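Student: Read top to bottom, the protein sequences are chains A and B.
For the first sequence, the numbering used here begins at 1 and goes up steadily by one.
For the second sequence, the numbering used here begins at 1 and goes up steadily by one.
Bear in mind the hints are in silico, worked out from the structure with no lab data behind them.
Nothing here was measured: the structure is a model prediction, and the numbers come from that model.
We put the beta carbon where it would ideally sit given N, CA and C, even for glycine.
Just so you know, not all the hints are guaranteed correct.
[What the hints assert, rightly or not] Simulated pairs of lysine-lysine, BS3-like, Cα-Cα distance not exceeding 25 Å:
| # | chain 1 | residue 1 | chain 2 | residue 2 |
| --- | --- | --- | --- | --- |
| 1 | B | LYS41 | B | LYS58 |
| 2 | A | LYS143 | B | LYS13 |
| 3 | B | LYS58 | B | LYS209 |
| 4 | A | LYS221 | A | LYS238 |
| 5 | B | LYS9 | B | LYS104 |
| 6 | B | LYS57 | B | LYS209 |
| 7 | B | LYS104 | A | LYS146 |
| 8 | A | LYS238 | A | LYS266 |
| 9 | A | LYS238 | A | LYS284 |
| 10 | B | LYS9 | A | LYS146 |
| 11 | B | LYS57 | B | LYS41 |
| 12 | A | LYS146 | B | LYS13 |
| 13 | A | LYS284 | A | LYS248 |
| 14 | B | LYS104 | A | LYS143 |
| 15 | B | LYS104 | B | LYS13 |
| 16 | A | LYS266 | A | LYS284 |
| 17 | A | LYS143 | B | LYS9 |
| 18 | A | LYS248 | A | LYS266 |
[As the list claims (entries may be wrong)] Label-pair distances were calculated between CB atoms; the ranges are:
| # | chain 1 | residue 1 | chain 2 | residue 2 | range |
| --- | --- | --- | --- | --- | --- |
| 19 | A | GLU192 | B | THR246 | 53 to 59 Å |
| 20 | B | LEU250 | A | SER208 | 55 to 61 Å |
| 21 | B | ILE199 | A | ALA124 | 44 to 50 Å |
| 22 | B | ASN261 | A | ALA124 | 19 to 25 Å |
| 23 | A | GLY151 | B | ILE137 | 45 to 51 Å |
| 24 | B | VAL31 | A | GLY113 | 37 to 43 Å |
| 25 | A | GLU192 | B | LEU258 | 39 to 45 Å |
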Amino acid sequence: MPSILYRGTNLQSSTAENSAAVIACRSLTKYYGPQPGISDLDLSVAAGEIFGFLGPNGAGKTTTIRLLMGMLRPTSGLAAILGYDAWKKSTEIKRHIGHIPGDVRLYEHMRVGELLDYIDGFRASTGRLRAELLERLELAAHKNVKSLSRGNRQKVAIVLAVMHDPDILILDEPTLGLDPLMQQAFYTILLELKQRGKTVFLSSHILSEVERVCDRVGIVKDGRLIEVQAIEALRQNKIRHMDVTFAKEVNFEELRRLPQVLEVQKHDNVLRITLRGDIDAIIKELARHRIVDLTFAQPSLEDFFLSFYGASRKNDTNNQSAKKNI
Amino acid sequence: MTQITNLLKRTFKDRRTSLVIYAAGLAAYSVFILAIWPSIKNAQLQQLWQSYPPALKKAFGANIDLAAFDGFFTLEYFGQLWPLILIAFSVGFASASLGGEIEKGTMELLLSQPVRRRSVVLGKYLFFLLALAALIIATLIPVVLGAPIAGGRVGITGVAALGLQAFLFFAAVGSYSIFSAALFSTRSRAIFASVAVAIISYALDILAKLNNFVSNFHFLSLFYYYDPFRYLHSASYAWGDLTVLTAISLFSLTAAVLWFNHRDIAC
Numbered sequence: 001m002p003s004i005l006y007r008g009t010n011l012q013s014s015t016a017e018n019s020a021a022v023i024a025c026r027s028l029t030k031y032y033g034p035q036p037g038i039s040d041l042d043l044s045v046a047a048g049e050i051f052g053f054l055g056p057n058g059a060g061k062t063t064t065i066r067l068l069m070g071m072l073r074p075t076s077g078l079a080a081i082l083g084y085d086a087w088k089k090s091t092e093i094k095r096h097i098g099h100i101p102g103d104v105r106l107y108e109h110m111r112v113g114e115l116l117d118y119i120d121g122f123r124a125s126t127g128r129l130r131a132e133l134l135e136r137l138e139l140a141a142h143k144n145v146k147s148l149s150r151g152n153r154q155k156v157a158i159v160l161a162v163m164h165d166p167d168i169l170i171l172d173e174p175t176l177g178l179d180p181l182m183q184q185a186f187y188t189i190l191l192e193l194k195q196r197g198k199t200v201f202l203s204s205h206i207l208s209e210v211e212r213v214c215d216r217v218g219i220v221k222d223g224r225l226i227e228v229q230a231i232e233a234l235r236q237n238k239i240r241h242m243d244v245t246f247a248k249e250v251n252f253e254e255l256r257r258l259p260q261v262l263e264v265q266k267h268d269n270v271l272r273i274t275l276r277g278d279i280d281a282i283i284k285e286l287a288r289h290r291i292v293d294l295t296f297a298q299p300s301l302e303d304f305f306l307s308f309y310g311a312s313r314k315n316d317t318n319n320q321s322a323k324k325n326i
Numbered sequence: 001m002t003q004i005t006n007l008l009k010r011t012f013k014d015r016r017t018s019l020v021i022y023a024a025g026l027a028a029y030s031v032f033i034l035a036i037w038p039s040i041k042n043a044q045l046q047q048l049w050q051s052y053p054p055a056l057k058k059a060f061g062a063n064i065d066l067a068a069f070d071g072f073f074t075l076e077y078f079g080q081l082w083p084l085i086l087i088a089f090s091v092g093f094a095s096a097s098l099g100g101e102i103e104k105g106t107m108e109l110l111l112s113q114p115v116r117r118r119s120v121v122l123g124k125y126l127f128f129l130l131a132l133a134a135l136i137i138a139t140l141i142p143v144v145l146g147a148p149i150a151g152g153r154v155g156i157t158g159v160a161a162l163g164l165q166a167f168l169f170f171a172a173v174g175s176y177s178i179f180s181a182a183l184f185s186t187r188s189r190a191i192f193a194s195v196a197v198a199i200i201s202y203a204l205d206i207l208a209k210l211n212n213f214v215s216n217f218h219f220l221s222l223f224y225y226y227d228p229f230r231y232l233h234s235a236s237y238a239w240g241d242l243t244v245l246t247a248i249s250l251f252s253l254t255a256a257v258l259w260f261n262h263r264d265i266a267c
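Chain A on its own, in the form it takes in the complex (with noise of 0.2 Å):
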């Protein structure tokens, strides 16, 4: 049977809606004090993307979700969703976007189904969605909230953001404290509204997770938007770690001479190969070989800024860890 988040109206049917911007950012900048919060952002999401937004803790990921979810007003520029001023109408655009913040805090007193009715009483359409969703991830709507773990708060979060069947979503690290199963589901049911058309902004910190679900990334660091990319440019540029184990030992000195390698490292027999973008050429050349085993590791959050940074960072680091040694 499919599942009832396929069912309902698609928004990828009116072509209109489609090409203008459901999000847009214009110039955006929040001060808090003399600190950037974020600056000069400008970006837009169209309708029915899933739009990452990608950055480590304190880039201004959360500033950014609050000044769009009219939490905060901006020192300046424009927060725009479906063409409303984010902050000015606030109330009518929340009508149409479901939201899970960065740090899920909840009415501790209550029950997880007492919670879901408090917080449909300020929407106009009931929460039609809620009963499949507490089903499909594992969440009991008689638990007290307090008893509840962490993970298990994310669910109710989730519930909360997609229960109204909004038209846009907008998620600060939405799977902070699942499981990985349940990870899987909340995928699941993303893919599912990006089927029917629907707009997700999302932020994470999680690479894999943005590579999985998203069509298209904004990389933001120290409050400065870097980079927006298509899922397909950023695996092209994405700096990754390929272990290979040969049967015996190998010279790799062809390897290096590829452009896509950047780094070879060797232990015994296994090679660690620091490349970016296509492997077709690496595999060709590796093939020539008899090989025992071959690994992709995920790269870090930090081997991923070096794709956008190039050695600068990673220069000064080795600077600074030089003159440590002195």
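Chain A is fixed; fit chain B onto it per the hints.
Tutor: Here is chain B on its own, set in the frame of chain A:
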């Protein structure tokens, strides 16, 4: 309106136990004062009161007849303990209503819904007014019903007048406390600011009764507009005072709504 009703219903569910405890406590103290009245009404209270230092009598109400039922009730309850309890309730509720939600982070969840910020303030404020009215009624009903049994005399019009004055006075306290809660992001700061205003106001009231120079500024004290004996004894309304209390409430509430509408949440 649906938003305010939803907030009102939820706040009632959350607060009903504490509200019942407050109401029962206030009513019980009224009964307690009624219960001790027969045993002391014939004592030489008026002479005792007259023997007190003039400054002390001035500070606590020189015009009060302690030998009369309404005078005794005023000195023992309506003039001292009752305002203390209802000020604590007003400040505590107002501070918890906004500051508590911001501090606990639930305000972000609430404002993620299509709910107007002003509805949040008004919903909480409306509940405060209803709860305040309930507490005043819970205090005064035992007085009206118990006075004849205890052998005391109190006019229903006097009790009604006291009820109205008390409602406007404590509503003013709750209103500036709501503004204080809208101003600060933590409950403790909001409580501190509101309590400081109450203490300064009380100190000014006492000093103004004792010092001629300070008496020029007596009108700046909120307690200047609270005179329970006058209302209970003669049911005479000081309309100017009641207007000032109403104006303080309206001004504070408007300021709270405007400030809360424009402030950052969860930063």
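Student: Now tell me if each hint is right for this structure.
Tutor: Hints, one by one, checked against the model:
| no. | hint | result |
| --- | --- | --- |
| 1 | LYS41/B / LYS58/B | holds (22 Å) |
| 2 | LYS143/A / LYS13/B | holds (18 Å) |
| 3 | LYS58/B / LYS209/B | holds (6 Å) |
| 4 | LYS221/A / LYS238/A | holds (16 Å) |
| 5 | LYS9/B / LYS104/B | holds (20 Å) |
| 6 | LYS57/B / LYS209/B | holds (10 Å) |
| 7 | LYS104/B / LYS146/A | holds (13 Å) |
| 8 | LYS238/A / LYS266/A | holds (22 Å) |
| 9 | LYS238/A / LYS284/A | holds (20 Å) |
| 10 | LYS9/B / LYS146/A | holds (21 Å) |
| 11 | LYS57/B / LYS41/B | holds (19 Å) |
| 12 | LYS146/A / LYS13/B | holds (17 Å) |
| 13 | LYS284/A / LYS248/A | holds (18 Å) |
| 14 | LYS104/B / LYS143/A | holds (20 Å) |
| 15 | LYS104/B / LYS13/B | holds (18 Å) |
| 16 | LYS266/A / LYS284/A | holds (19 Å) |
| 17 | LYS143/A / LYS9/B | holds (21 Å) |
| 18 | LYS248/A / LYS266/A | holds (12 Å) |
| 19 | GLU192/A / THR246/B: 53 to 59 Å | holds (55 Å) |
| 20 | LEU250/B / SER208/A: 55 to 61 Å | holds (56 Å) |
| 21 | ILE199/B / ALA124/A: 44 to 50 Å | holds (46 Å) |
| 22 | ASN261/B / ALA124/A: 19 to 25 Å | holds (22 Å) |
| 23 | GLY151/A / ILE137/B: 45 to 51 Å | holds (47 Å) |
| 24 | VAL31/B / GLY113/A: 37 to 43 Å | holds (40 Å) |
| 25 | GLU192/A / LEU258/B: 39 to 45 Å | holds (43 Å) |
The structure agrees with every numbered hint stated previously.
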